[in-house]
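Enquirer: One letter stands for each residue in the lines below.
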Amino acid sequence: MTEGIREIQGHLVVALGGDIDLDRAPAVRRQLLDCVKRQQDILVDLSAVTYIDSSGIASLVEALQWATSRGTGLHLVAVSPQALRVFELARLDRVFTIHPDLDAALAAAR
Amino acid sequence: MNAPTAEYLLELRIPARADRMVMVRDTVRSAARFCGFDERTAQDIVLAVGEACQNVILHAYQGRGDGPILLDILDDAERMILRVTDFGPAVTPAAVQPRALQDLRPGGLGTHFIHSLMDTADFGRSPTGVGNVLQMTKKKDPAK
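Those protein sequences? They're chains F and C, same order as listed.
As numbered in my numbering, the first sequence has no gaps in its residue numbers, which increase by one up to the final residue, 110.
As numbered in my numbering, the second sequence has no gaps in its residue numbers, which increase by one up to the final residue, 1144.
Simulated from the structure, these hints should not be mistaken for lab results.
The beta carbon of each residue, even a glycine, is placed where N, CA and C say it ideally should be.
Careful: at least some of the hints might be erroneous.
In silico DMTMM-like links for lysine to aspartate or glutamate, alpha-carbon gap of 25 Å or less [unchecked claim]:
id: 1; chain 1: C; residue 1: K1140; chain 2: C; residue 2: E1039
id: 2; chain 1: C; residue 1: K1140; chain 2: F; residue 2: E88
id: 3; chain 1: C; residue 1: K1139; chain 2: F; residue 2: E88
Distance ranges between label pairs, derived from CB positions [as the list claims (entries may be wrong)]:
id: 4; chain 1: F; residue 1: T50; chain 2: C; residue 2: G1065; range: 22 to 28 Å
id: 5; chain 1: C; residue 1: K1139; chain 2: F; residue 2: T97; range: 31 to 37 Å
id: 6; chain 1: F; residue 1: Q65; chain 2: C; residue 2: M1023; range: 29 to 35 Å
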């Protein structure tokens, strides 16, 4: 699992990986909400996510709502096929801005 | 409840704790592949069972982690049958009803996933009178 937060061109890039389930979702939620407080656009890299369920999705939805209410952006990047399937099921692929890779996300967020 | 020709594949008894669910997922994925489902469909079945277990943890046992989850898996020629049983108090159907997707808020998606991913999902009290049972089925041939 490759995880961590980097700052690139003034944006926070949060890489999440592995299984984001009921066990891990609270930690992911805290991590994302801490990022939102920094008032920078957040790019969440989901390329290494092997499983995500409704609790993981809920953490991302909450972070998106927090970011939106604070006037910052939260974008998804390189969403793995397993995760994209779940976003599509929830019809959240229309709610989140999803970029194919980090370069595209940085260009759009500029 | 079972098709007459259904073969019992496995019975798993596991604590209703979030940190144990990875074992349930690994088991269900293996069972689904054993039943002949492709990897993508196996992942769908894993997600449905994961959501069912999450409902047990959050609603039937209210996060206490002190009750068991029973998972029974049966296989017949046409479908895979998965039964998730808990021993908690009755869960009101409203607690496990899918919510409207346009209602954008955290939570409430799990039951929507279950109904979207499985061919049938029937929730009710256990025939023994103790606990709740969710029985789900997945057809091997979606066209049938």
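Enquirer: Against each hint, give a clear statement of whether it holds in the structure.
Expert: Taking the hints in turn, this is what the structure says about them:
| no. | hint | result |
| --- | --- | --- |
| 1 | K1140(C) to E1039(C) | holds (13 Å) |
| 2 | K1140(C) to E88(F) | holds (23 Å) |
| 3 | K1139(C) to E88(F) | holds (22 Å) |
| 4 | T50(F) to G1065(C): 22 to 28 Å | holds (24 Å) |
| 5 | K1139(C) to T97(F): 31 to 37 Å | holds (36 Å) |
| 6 | Q65(F) to M1023(C): 29 to 35 Å | holds (33 Å) |
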